[in-house]
Each structure stands twice: as structure tokens, then as C-alpha cells.
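Visitor: Modelling step: build the complete structure from the supplied sequences, incorporating the hints.
2 protein chains.
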Amino acid sequence: MVLHLEGPLSDRSGWQAESCSVARAMDVIGSRSAMLLLREAFYGTTRFDDFAARVGITDAVAASRLKQLVNAGIFEKRPYREPGARTRSEYILTEMGRDLFPVVLALMQWGDKHLQPGSAGPLDVVDRPGGKRVDLSPRDVSGARVPLEGLAVRVNRDWLARGSRE
Amino acid sequence: MVLHLEGPLSDRSGWQAESCSVARAMDVIGSRSAMLLLREAFYGTTRFDDFAARVGITDAVAASRLKQLVNAGIFEKRPYREPGARTRSEYILTEMGRDLFPVVLALMQWGDKHLQPGSAGPLDVVDRPGGKRVDLSPRDVSGARVPLEGLAVRVNRDWLARGSRE
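Going down the list, the protein sequences come from chains A and B. Residue numbering for the first sequence follows this note's numbering, beginning at 6 and increasing consecutively. Residue numbering for the second sequence follows this note's numbering, beginning at 6 and increasing consecutively.
Keep in mind that the hints were calculated from the coordinates and are not lab data. Computed from a predicted model, the values in this text were never measured in an experiment. You may find that some hints are simply not true.
Chain copies aren't distinguished; within one or between two, either way the pair holds.
Restricting the straight-line Cα-Cα distance to at most 20 Å, the calculated cross-link-like pairs of lysine to any residue (SDA-like) are [as the list claims (entries may be wrong)]:
#	residue 1	residue 2
1	Lys72	Met101
2	Lys137	Ser15
3	Lys118	Glu100
4	Lys118	Cys25
5	Lys118	Ser142
6	Lys82	Asp64
7	Lys137	Gly123
8	Lys72	Thr92
9	Lys82	Ser69
10	Lys118	Ile62
11	Lys137	Arg150
12	Lys137	Gly148
13	Lys72	Glu23
14	Lys72	Glu87
15	Lys118	Asp163
16	Lys72	Arg162
17	Lys137	Ala149
Guide: Structure, rendered in C-alpha cells:
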């Protein structure tokens, strides 16, 4: 039903999730407005006014969130100027930002399945040119889906070897 | 670089993400404490005191969040009693809750790559018995990974056919 805990992890009373990557990720992108700004960026939005209007947040919230996401390395701020207008900024996803796509897609697919009438959401993410819904599931090296009961958690030796627990 | 928008979606000024599944998902699980309670549930935690201690939140916050997650259908509350003690509750992931595993794994893998020194997080999720890190990427029907530039967003016909925009 849940993940198998390997070796020293099997006794949960003996450890806690210190330096947890899930916690660190939520510290950076764990707000509704941050996640919806990301969604918009994947739809191609780059301009401040577009972000605020399409996410439905105030300019103040949009400015504050975008600044946080720039500082975190998720967006890069680039100047642009339309003829006759002052210089403004565009917000472009960095590689670190683009790597968040599985997070957004996982939320979307779960929301489609469990939070929409008839398990049908308004939008589908499909491959090109196939046009079939893409799947996001844990897979083994052969590419086969692994169900929850086929998964285990273990200590990462590279992390232990580094000896850093900051 | 970002998703291709198909058909009527290609003009972003003509639509907004109404009834968005990402937004609905974040309304339910979009807090740091909710996500860490889920992480703990996947590690096998079921009891109130364990949840509060392992997530590092107060009893009041744990009680409030767990109640929200039960009401949302993510946990089922079950009574248990140890000899000589009063009846208490366990919190067990429902199928809807277990379906959140890709969200937790996506956050973990992104945090491992971008928020840990040396891109090494403390824990790895591996397949059994293979012992290799599992991958979580968008895949087409053949099981091949699809990069961001190979993906498109389109209107879900089932959603349109339903005609419901609640």
C-alpha cells in the first residue's frame, strides 16, 4: 500500500526526514499563486500584466511572487521594449524552472481525475504529433510503470558520502 | 521551450484557465504541511502523534490539516485501540490519496536536482527488486519520454461535450 522502507529506514522511529527535498521544494513553490504562475509560464506567458490577469491575482501579489521565483532561479528576468513604450521585463523559465513541468503535470492529472466532474478536466497535455494524452508515472529503467507496492525508499549513498547535513 | 497550444488555445488572449485542475489541486494540497503529511503517509505513518512529530508541526496544525485532508477524501480515518488505552484514530491514504504519489515524487526529484548540494538528496525512490532510481517523466503511449517541446495542450473534448463549466 505504501513505500517499502529499506535498511536503516525500516524503523521509522530511528530517523526523521531532515534535509527533505519535498520540504525544500515546497518552501520555494508551495503556494497556489506560485504554482499558477508556473502553469502560465508553461502556456507561454512571459509578461507581467498577462501573468497577473491570467492567474487572477493582484499586481502586488504577482510582483512579489515573481520576484521570489526569480531569486530562486526559476525565472530569468529579461528587458524588452515595444515601440514608443518604456522598457519592461519578461519572465522566462530557466532550465531549473522548466524542470518543474512534472510537478505541474502531476497536479493537473490528479486534479483531472479526482476534482473534476466525470474525471474530465478542461485541458489535455498530449504528445506531438501523436495527439495522445501523455502519462506521468514512476517507471523503472526498462520504461515499465512501477506501482506503489513495487517501490522502495532508501538512503542515497552519494548524500551519505558527502557527509553534509546542512 | 514551452508547451504548444493547439487550435483555439493558440491565441492566449482568447481564453483563461477556468476550472483549472492545477488550481483545484493546490486548493486541496497546496500547503507545505499538507504535502509533508502526505510524504509521511507514503513512508507508512498512520498515527496522529507520529505525523505531528515527523512533520515538525504543532498538534493544532496537524489536527486541522488532517481534518481537511480527510474531508477532501485523501485520508480515511479509522479507529484503533491499544490494550489499556483509549480508542484513537489512524489516518490511511485512500485511492485518491495514493494517486498523489506522482506529485510528491515530482517535488522530491526536482528538490534533489536543484535544491541539494551536489544534486543529491538524502533519500532515493527505487524499484523493487531492481534497486534503481525510478524516473518520472511525461511519456507517450509507447513509453518513450517526451521533452517539453514535444508536448501540446488542447481542449478536452469530453469536457466540452459535458458542457459543464462549474
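Visitor: Now tell me, hint by hint, if it's right for this structure.
Guide: Tested hints:
no., hint, result
1, Lys72 <-> Met101, "within (15 Å within a copy, 34 Å between copies)"
2, Lys137 <-> Ser15, "between (40 Å within a copy, 18 Å between copies)"
3, Lys118 <-> Glu100, "between (29 Å within a copy, 11 Å between copies)"
4, Lys118 <-> Cys25, "between (28 Å within a copy, 12 Å between copies)"
5, Lys118 <-> Ser142, "both (14 Å within a copy, 18 Å between copies)"
6, Lys82 <-> Asp64, "within (16 Å within a copy, 41 Å between copies)"
7, Lys137 <-> Gly123, "within (19 Å within a copy, 36 Å between copies)"
8, Lys72 <-> Thr92, "within (17 Å within a copy, 49 Å between copies)"
9, Lys82 <-> Ser69, "within (14 Å within a copy, 38 Å between copies)"
10, Lys118 <-> Ile62, "neither (26 Å within a copy, 30 Å between copies)"
11, Lys137 <-> Arg150, "both (18 Å within a copy, 13 Å between copies)"
12, Lys137 <-> Gly148, "both (18 Å within a copy, 12 Å between copies)"
13, Lys72 <-> Glu23, "neither (27 Å within a copy, 25 Å between copies)"
14, Lys72 <-> Glu87, "neither (22 Å within a copy, 51 Å between copies)"
15, Lys118 <-> Asp163, "between (37 Å within a copy, 13 Å between copies)"
16, Lys72 <-> Arg162, "neither (35 Å within a copy, 37 Å between copies)"
17, Lys137 <-> Ala149, "both (18 Å within a copy, 13 Å between copies)"
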